[in-house]
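> With the hints as constraints, model all of the structure from the sequences given.
Residue numbers (our numbering), protein chains in the order written: chain G, 1 to 139; chain B, 1 to 139; chain W, 1 to 139; chain D, 1 to 139.
Please keep in mind that the hints were generated in silico from the structure rather than gathered at the bench. Note that the structure is predicted; figures quoted are calculated from it, not measured. In this text, a Cβ means the ideal position worked out from N, Cα and C, and glycines have one as well. Among the clues, some could well be false.
Partial list, computed: chain G residues near chain D (C-beta under 10 Å) [as the list claims (entries may be wrong)]: (1) E33; (2) D34; (3) R36.
4 protein chains.
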Amino acid sequence: MNKLSELKEIAVRFSEVDSMGIVWHGSYVKYFEDAREAFGAKYNLGYLRIFSEGYYAPLVDLDFKFKKPLVYGDSARVEVIYKPVDAAKICFEYVIYSLKDNSVIATGNSTQVFLDRDYALLWNNPKFYQDWKLENNVL
Amino acid sequence: MNKLSELKEIAVRFSEVDSMGIVWHGSYVKYFEDAREAFGAKYNLGYLRIFSEGYYAPLVDLDFKFKKPLVYGDSARVEVIYKPVDAAKICFEYVIYSLKDNSVIATGNSTQVFLDRDYALLWNNPKFYQDWKLENNVL
Amino acid sequence: MNKLSELKEIAVRFSEVDSMGIVWHGSYVKYFEDAREAFGAKYNLGYLRIFSEGYYAPLVDLDFKFKKPLVYGDSARVEVIYKPVDAAKICFEYVIYSLKDNSVIATGNSTQVFLDRDYALLWNNPKFYQDWKLENNVL
Amino acid sequence: MNKLSELKEIAVRFSEVDSMGIVWHGSYVKYFEDAREAFGAKYNLGYLRIFSEGYYAPLVDLDFKFKKPLVYGDSARVEVIYKPVDAAKICFEYVIYSLKDNSVIATGNSTQVFLDRDYALLWNNPKFYQDWKLENNVL
Chain G
1 MNKLSELKEI
11 AVRFSEVDSM
21 GIVWHGSYVK
31 YFEDAREAFG
41 AKYNLGYLRI
51 FSEGYYAPLV
61 DLDFKFKKPL
71 VYGDSARVEV
81 IYKPVDAAKI
91 CFEYVIYSLK
101 DNSVIATGNS
111 TQVFLDRDYA
121 LLWNNPKFYQ
131 DWKLENNVL
Chain B
1 MNKLSELKEI
11 AVRFSEVDSM
21 GIVWHGSYVK
31 YFEDAREAFG
41 AKYNLGYLRI
51 FSEGYYAPLV
61 DLDFKFKKPL
71 VYGDSARVEV
81 IYKPVDAAKI
91 CFEYVIYSLK
101 DNSVIATGNS
111 TQVFLDRDYA
121 LLWNNPKFYQ
131 DWKLENNVL
Chain W
1 MNKLSELKEI
11 AVRFSEVDSM
21 GIVWHGSYVK
31 YFEDAREAFG
41 AKYNLGYLRI
51 FSEGYYAPLV
61 DLDFKFKKPL
71 VYGDSARVEV
81 IYKPVDAAKI
91 CFEYVIYSLK
101 DNSVIATGNS
111 TQVFLDRDYA
121 LLWNNPKFYQ
131 DWKLENNVL
Chain D
1 MNKLSELKEI
11 AVRFSEVDSM
21 GIVWHGSYVK
31 YFEDAREAFG
41 AKYNLGYLRI
51 FSEGYYAPLV
61 DLDFKFKKPL
71 VYGDSARVEV
81 IYKPVDAAKI
91 CFEYVIYSLK
101 DNSVIATGNS
111 TQVFLDRDYA
121 LLWNNPKFYQ
131 DWKLENNVL
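As structure tokens, then:
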């Protein structure tokens with residue numbers, strides 16, 4: 001089975017830093033999403049593709065562990081790793097590394113499900129996703 | 001002609017404060033929008049009403065003057081005032097007052113136009129809005 | 001031992017809704033923080049108190065489970081429950097209920113640690129927090 | 001006199017798009033700030049430099065004109081142009097261009113003033129800024 005992953009560099013924006021002088025924890029939601037979008041662009045599994053296939057893929061699970069703070073001026077590298085599962089879900093693992101010393105800044109996980117255009121949950125993999133898994137050797 | 005306005009109280013959120021210890025300027029976009037939504041709820045001119053009539057009403061003009069900073073723990077009152085114009089536009093003026101001493105924190109203006117569902121600009125007032133102006137005596 | 005909790009009502013803002021027409025998952029970070037700030041105001045354990053005692057209390061763990069979507073125009077009630085632990089941590093559990101039908105929209109947890117002003121981690125409860133626990137009967 | 005400017009490419013993030021399917025107007029605050037930070041990095045006039053010199057430089061004026069919408073998947077180029085003034089202010093003009101067809105998406109302006117560490121307004125240019133103007137031939 002293949003290991004699919006992507007790297008995305010991020011630079012801390014002024015607006016992402018809080019009054020403690022460190023990146024506000026909520027900003028990491030965007031860092032994860034930036035990485036997920038980069039993954040989607042690389043492997044043709046982005047929101048636009050999913051939407052054009054007739055589905056939404058909202059998050060149902062999301063967690064973060066914050067190990068070290070980022071400050072204004074810092075840059076980091078988000079690694080997003082696809083985690084194969086049988087269920088009709090898209091699961092990712094994330095690790096954010098400091099560009100300064102390669103230390104781990106934060107880790108996390110996300111799970112997405114498929115809804116059809118009437119927002120009804122799909123219990124089985126939609127065909128395009130099953131095909132995608134096959135093509136990418138993650139079945 | 002009527003003067004239509006609404007007041008909306010806001011409390012500064014931790015996430016809205018930047019590393020200078022004051023409310024980040026971008027947070028005021030939300031304060032104005034909060035007030036505009038309160039106006040829309042009071043006078044039945046909210047996004048949902050506009051959308052259900054078949055239109056979008058995106059902003060085309062927006063400006064801010066920041067007079068005094070807000071800090072974490074502060075509360076403020078946003079006054080939003082409807083500015084009647086003949087054109088197919090929705091125009092508002094905003095004044096944000098400190099709840100502490102009633103001093104002016106910020107002022108601003110916004111202008112919205114109407115698009116149909118194909119994102120084409122309306123040059124004339126849509127009927128529902130013309131009716132709304134009549135009902136509210138702002139023609 | 002006491003059970004400490006607080007309720008905070010939230011109304012979905014236009015800016016919190018994404019292009020799928022539902023509240024963007026990242027907006028829940030703010031809903032949790034709104035509830036945590038309401039708890040802090042009620043029990044005198046807010047950011048300002050913690051800061052005035054000489055500490056920061058950044059999040060180190062945060063997780064969400066999204067059960068049902070919120071849409072624009074919805075209102076919800078966030079329940080935040082203090083979870084007593086011996087360690088030098090502040091732990092909360094969250095449940096977001098729809099105001100329409102009381103159904104569960106989302107759940108989650110957060111953990112905060114204490115840093116001193118030099119951003120060094122405290123391994124033991126700072127005195128003010130130990131006192132707070134005692135006063136509130138959560139030891 | 002020199003014309004100082006910088007270009008910054010931005011890619012629309014999923015979280016920046018609203019339920020009308022276009023970039024939420026508030027997201028442009030960040031696009032302008034991204035460009036301003038790029039300018040600051042290029043010409044050594046960023047927030048960190050200003051702060052290290054003993055000052056804050058908050059915005060006091062900000063305006064936007066939105067000409068055409070951006071949608072998810074779009075990329076754009078923000079041009080930020082320094083506007084020389086005698087007063088103790090930092091003034092910028094912004095033009096956002098579509099990367100697709102070079103059409104103008106939005107324009108705007110910002111004005112910043114200098115505060116000292118006690119948040120008192122400076123009526124005269126701080127020395128470091130006067131020197132910066134001289135070095136960059138914008139006096």
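> Run through the hints listed earlier and report the numbers of any the structure violates, in increasing order.
none
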